[in-house]
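Student: Residues per chain, in single letters:
Protein chains: 2
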Amino acid sequence: MRSNGGDNNRSPSSQPRFHSTVAEHKLRRFNSLILLFRLASFSFSLSSSIFVLTNTRGSDSPHWYHYETFRFVLAANAIVAVYSLFEMGASVWEISRGATLFPEVLQVWFDFGHDQVFAYLLLSASAAGTSMARTLREMDTCTASNTFCVQSDIAIALGYAGFLFLGFTSLLTGFRVVCFIINGSRFHI
Amino acid sequence: MRSNGGDNNRSPSSQPRFHSTVAEHKLRRFNSLILLFRLASFSFSLSSSIFVLTNTRGSDSPHWYHYETFRFVLAANAIVAVYSLFEMGASVWEISRGATLFPEVLQVWFDFGHDQVFAYLLLSASAAGTSMARTLREMDTCTASNTFCVQSDIAIALGYAGFLFLGFTSLLTGFRVVCFIINGSRFHI
Numbered sequence: 001m002r003s004n005g006g007d008n009n010r011s012p013s014s015q016p017r018f019h020s021t022v023a024e025h026k027l028r029r030f031n032s033l034i035l036l037f038r039l040a041s042f043s044f045s046l047s048s049s050i051f052v053l054t055n056t057r058g059s060d061s062p063h064w065y066h067y068e069t070f071r072f073v074l075a076a077n078a079i080v081a082v083y084s085l086f087e088m089g090a091s092v093w094e095i096s097r098g099a100t101l102f103p104e105v106l107q108v109w110f111d112f113g114h115d116q117v118f119a120y121l122l123l124s125a126s127a128a129g130t131s132m133a134r135t136l137r138e139m140d141t142c143t144a145s146n147t148f149c150v151q152s153d154i155a156i157a158l159g160y161a162g163f164l165f166l167g168f169t170s171l172l173t174g175f176r177v178v179c180f181i182i183n184g185s186r187f188h189i
Numbered sequence: 001m002r003s004n005g006g007d008n009n010r011s012p013s014s015q016p017r018f019h020s021t022v023a024e025h026k027l028r029r030f031n032s033l034i035l036l037f038r039l040a041s042f043s044f045s046l047s048s049s050i051f052v053l054t055n056t057r058g059s060d061s062p063h064w065y066h067y068e069t070f071r072f073v074l075a076a077n078a079i080v081a082v083y084s085l086f087e088m089g090a091s092v093w094e095i096s097r098g099a100t101l102f103p104e105v106l107q108v109w110f111d112f113g114h115d116q117v118f119a120y121l122l123l124s125a126s127a128a129g130t131s132m133a134r135t136l137r138e139m140d141t142c143t144a145s146n147t148f149c150v151q152s153d154i155a156i157a158l159g160y161a162g163f164l165f166l167g168f169t170s171l172l173t174g175f176r177v178v179c180f181i182i183n184g185s186r187f188h189i
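One line per chain: the protein sequences are W and A, in this order.
The numbering of the first sequence is the UniProt record's numbering, which starts it at 1 and goes up by one.
The numbering of the second sequence is the UniProt record's numbering, which starts it at 1 and goes up by one.
Keep in mind the hints are simulated off the structure, nothing from the lab.
Where hints are given, some of them may not hold.
[Said to hold, decoys possible] Pairs of lysine to any residue, SDA-like flavour, derived with a Cα cap of 25 Å: (1) Lys26/W - Asn183/A; (2) Lys26/W - Leu101/W; (3) Lys26/A - Ser185/A; (4) Lys26/W - Ile182/A; (5) Lys26/A - Leu46/A; (6) Lys26/W - Trp109/W; (7) Lys26/A - Phe180/W; (8) Lys26/A - Glu68/W.
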């Protein structure tokens, strides 16, 4: 049983510690959300890369490598997968140790800047891929080898999903940048 | 960060007026820069739309309308041109009257949100257009009608230029949002 009087004689000096514990708890939850989004973004872009890479059925079928656009789709998804993996490592490091991998000011701007640029990259690759896939349907490539086209469509759709989660992450890291500018630390208000 | 009257030598009444005049001057310069970027973005996307629209040479030549991707390029550029025109009006209003067209909180978020979304839209249209233009070169369309391909390339390049200036504008309006969150007004520090 808890005594009521025990809480009242808390000294003022313990107040900031209490506040900082709340802020730390909030930050940990916020970072976990970022980690979750990065995991989703990583999974989608990795599976998109694999779907493009394995998109060939022997020598008589079309090969993804002969289409410049699909090479671009593969490159963009692979870059995002590698970047997400790295950022997941940095995120886990931050959650477990309570400090950022790089100095704090560098970390928040690095995250936000790369999220923005790679989101643009992945979206443009997916848009180019969509245009290519529709063109292939109009030509006779898809009637000759339908599985090639279906697999390309799946790869592109997975790329869009990866973009979506990267976009969400970029909103969150953008919020971190704003918090950093306001408070001088990534702990939010 | 606002100073709370630590400067004792200045009379309290002249301090806010002096500060506000400097801030107003800075804000006016900042808004003029946004207006300039919007003008560039408008010019590029409008000329891109015109280049796509006029891309036909009689009945034996290919027509832009038959390519889904070029219709998307036209739509994205036209949307950005109309939006930029509207925002230029709002910007001129703000510079001349010293107040935003919509309530301030709505205006800063409206500008930033639309800049972001339309930048993504225009980039994806341009990327899809690039992929289409390259495919046309691989097929026999370009050898039969080279001017069609050249004009498409120019239209797509103009779209990229429009995207670039829209991206710059989105950085500036993003800065305005941060200032608004920090200060509660769009006047920057």
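Student: Evaluate each hint against the coordinates.
Tutor: Results of checking the hints against the structure:
Between lysine 26/W and asparagine 183/A the alpha-carbon distance is near 24 Å, which keeps this suggested pair within the 25 Å criterion. Between lysine 26/W and leucine 101/W the CA atoms are separated by roughly 19 Å; this keeps the pair inside 25 Å, and the hint holds. Restraint check for lysine 26/A and serine 185/A: satisfied, since their Cα atoms lie roughly 14 Å apart, inside the 25 Å limit. For a cut-off of 25 Å, the pair hint linking lysine 26/W to isoleucine 182/A stands: about 20 Å separates their Cα positions.
Distance hint between lysine 26/A and leucine 46/A is unfulfilled; the C-alpha atoms sit about 30 Å from each other, more than 25 Å. Between the alpha carbons of lysine 26/W and tryptophan 109/W the distance comes to roughly 20 Å, so the proposed pair stays at or under 25 Å and holds. Distance hint between lysine 26/A and phenylalanine 180/W is fulfilled; the C-alpha atoms sit about 24 Å from each other, no more than 25 Å. Proposed proximity of lysine 26/A and glutamate 68/W is contradicted: the alpha carbons are some 47 Å apart, above 25 Å.
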